[in-house]
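**Student:** Listed here are the chains, written in short residue letters.
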Amino acid sequence: MGMKYGDAFEAKELPQDLKESLPDVYVDDLLMTLKYFIDEEKAHLWIKDHDVCERCEDKPCLTFCPVGVYKLGHDGRIQVAHQSCVECGSCRVGCPYRNIGWELPRGGFGVAYKFG
Amino acid sequence: MNNAEKIRFDAIVVGAGLAGSAAAMVLAREGLNVALVERGQKPGGKNYFGGAIYTHAIAEVLPDFMERRPPFERPVTEAGFWFLAEDGLTRATVQGGKLDVEPADAYITLRADFDPWWAEQAQDVGAFLIPKTTVVDFIRDPAGQVIGVQTDRPQGDIYAPVVIICEGVNNLLTQKLGLIDHDLEPSHVALAFKQVISLPAETINARFGLPDNDHGLAVSVLGDVSLGLPGMGFVYTNKKSVSVGLGMMLDKLAEYRLRPYDILQRYLEHPAIAPLVKDGQLLEYGGHLIPEGGYRDMPQLYTGGAMVAGDAASMVNALHWEGTNMAIIAGKLAAETAIDAHERGDFSAQTLSAYESRLREGFILKDLKQYRNFAKFLETHPEFMDVYPDFLNDALGQFFSAYGKPKRELFQNIFGALTHRRPLFRAVGDMISMTRSVMGL
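Chains as they are written, first to last, in this note's numbering: chain A, 1 to 116; chain B, 1001 to 1441.
The set of hints was computed from the structure by calculation and includes no laboratory data.
Think of the CB as a built atom: it goes at the ideal place given N, C-alpha and C, for glycine as much as any other residue.
Careful, some of the hints might be misleading.
Label-pair ranges, simulated between beta-carbon atoms [to be verified]:
1) A:D17 to B:P1406: 28 to 38 Å
2) B:I1007 to A:P15: 53 to 63 Å
3) A:K19 to B:K1176: 32 to 42 Å
4) B:F1425 to A:K12: 47 to 57 Å
5) B:R1344 to A:K12: 50 to 60 Å
Some chain B residues near chain A, calculated using beta-carbon distances under 8 Å [stated by the list, open to error]:
6) Q1041
7) G1088
8) Y1285
9) G1286
Kindly generate the complete structure, drawing on both the sequences and the hints.
**Tutor:** Given below as structure tokens:
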């Protein structure tokens, strides 16, 4: 059922050679190709409870988000750059603790794919 | 507000994607007053796929579609699999034959072009497109029957006796309506991400072996591309760009703490792939979820006053790249059910249950039921993602090399190349379980 994931989540490691074969891409170079209508008044993504993130050892949201919305701030807190979100839903579904609040942006806002 | 002031339609369709605009088209053609509510600036702005669209589905809704100049990129004239090893590539594609017909079985498209055209076909017969509007909830009568939607616009309530939900993979409205009791599972969704890379048409033709701009290639890429984890790459040739990307199961991306864009870059730098996209300019990068749970993740498809179609209803056959066609057909069947309901003046769950019966008569539920174990099969057989593609490259590489040794040794080597990767009884077992999962046994 839906909520089993948090406890079942188990961090795994790729073999070292595969891990080393991965390049280190600067995601902002990719984001420059995307068009957005940014909602300055309302964030459609948010952390429900920062204490839960603090206890989450692996913080997979920092890596699996395809556009790098989630970053670790200097204060150790998760920061949410909702402006770069492509509304895929991965964070809502993939957070082991279902700790990410997720709504659709208000009508007309958010990503606007030019090719899709 | 009194009754006269309410905004009323005969039907509301939520989402102007493939399912939604198909539904709106069928409803409007029958003379029904349809609101087609789209949250993007225009249809297609939120949509994303590989990808190719199948004409059998388009033709069922719009028989004369070719005369309406659909914004296709190229017909799929070559399709198949590429098996990528760390240092090699084996291609298993088919061209000509059944693929070389007009109109083609499938056309490579870009959704930001196709979806606006598809919605226009609905608008042309009278559907009323309401863009830049997000549906946030339903309006229900005291008995719980859906009688409209709430949008995020001021005074944005819209009433209709029937609502067709085509909201896409993030099916929050479907959940809100209680048609499914849980959110998506990370092990049942693939995160797909791709780059659209600009290249001159002649360069594409030369590099991909296409005779001209009226030929196109669509391939699934297995092997090294997904780091040995469940996942599949793809390559599609557009007119003046190529789409290269891959889909990987979200739970694996999370557990291994992988960055999708790093994996994609590694794939693009593969010695067999890099020359194909060399000197290309990145036009767009993006990502989207694919509901791959299939039959087991299907919500209830109807309730009083509402039906669900497309990705929101998990209508995807991952192995065969089907989903767009199912969405279109399901949208049409939901619309036909709504038309019948209007004739009867009865929008109860019982009347709308005819939607599910229509789906069962066609291929959608039959296929999804048959393939219900396939997603699970890939989860439990990761060797199809690395061992076999790698073996195939090794075996063919040896087969076509002249070693100056007896051929008996060659076949022993090839056999050894398989068995040192996977004991023979396991390999036979793998093939049997793959067959079982595909045949629905």
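**Student:** So, for every hint listed, does it hold in this structure?
**Tutor:** Hint check results:
1. The hinted range of 28 to 38 Å is satisfied by D17 (chain A) and P1406 (chain B), whose Cβ atoms lie roughly 34 Å apart.
2. Judged by the Cβ atoms, the range 53 to 63 Å given for I1007 (chain B) and P15 (chain A) holds: they are separated by roughly 59 Å.
3. A hinted range of 32 to 42 Å for the beta carbons of K19 (chain A) and K1176 (chain B) is consistent with their spacing of about 41 Å.
4. Checked against the hint of 47 to 57 Å, the pair F1425 (chain B) and K12 (chain A) fails, with Cβ atoms roughly 27 Å apart.
5. In this structure the supplied range 50 to 60 Å holds for R1344 (chain B) paired with K12 (chain A), their Cβ-Cβ distance being about 55 Å.
6. Interface hint at Q1041 (chain B): satisfied, since its Cβ lies 5 Å from the closest Cβ of chain A, which is below the 8 Å cut-off.
7. Against a cut-off of 8 Å between C-beta atoms, the interface hint on G1088 (chain B) is violated, since the closest Cβ of chain A lies about 15 Å away.
8. Evaluation of the Y1285 (chain B) hint against chain A yields a held restraint, the C-beta minimum of about 4 Å falling below 8 Å.
9. Given hint, G1286 (chain B) at the interface with chain A, holds; its Cβ is 5 Å from that chain's nearest Cβ, closer than 8 Å.
When each numbered hint is compared with the structure, violations occur for hints 4 and 7.
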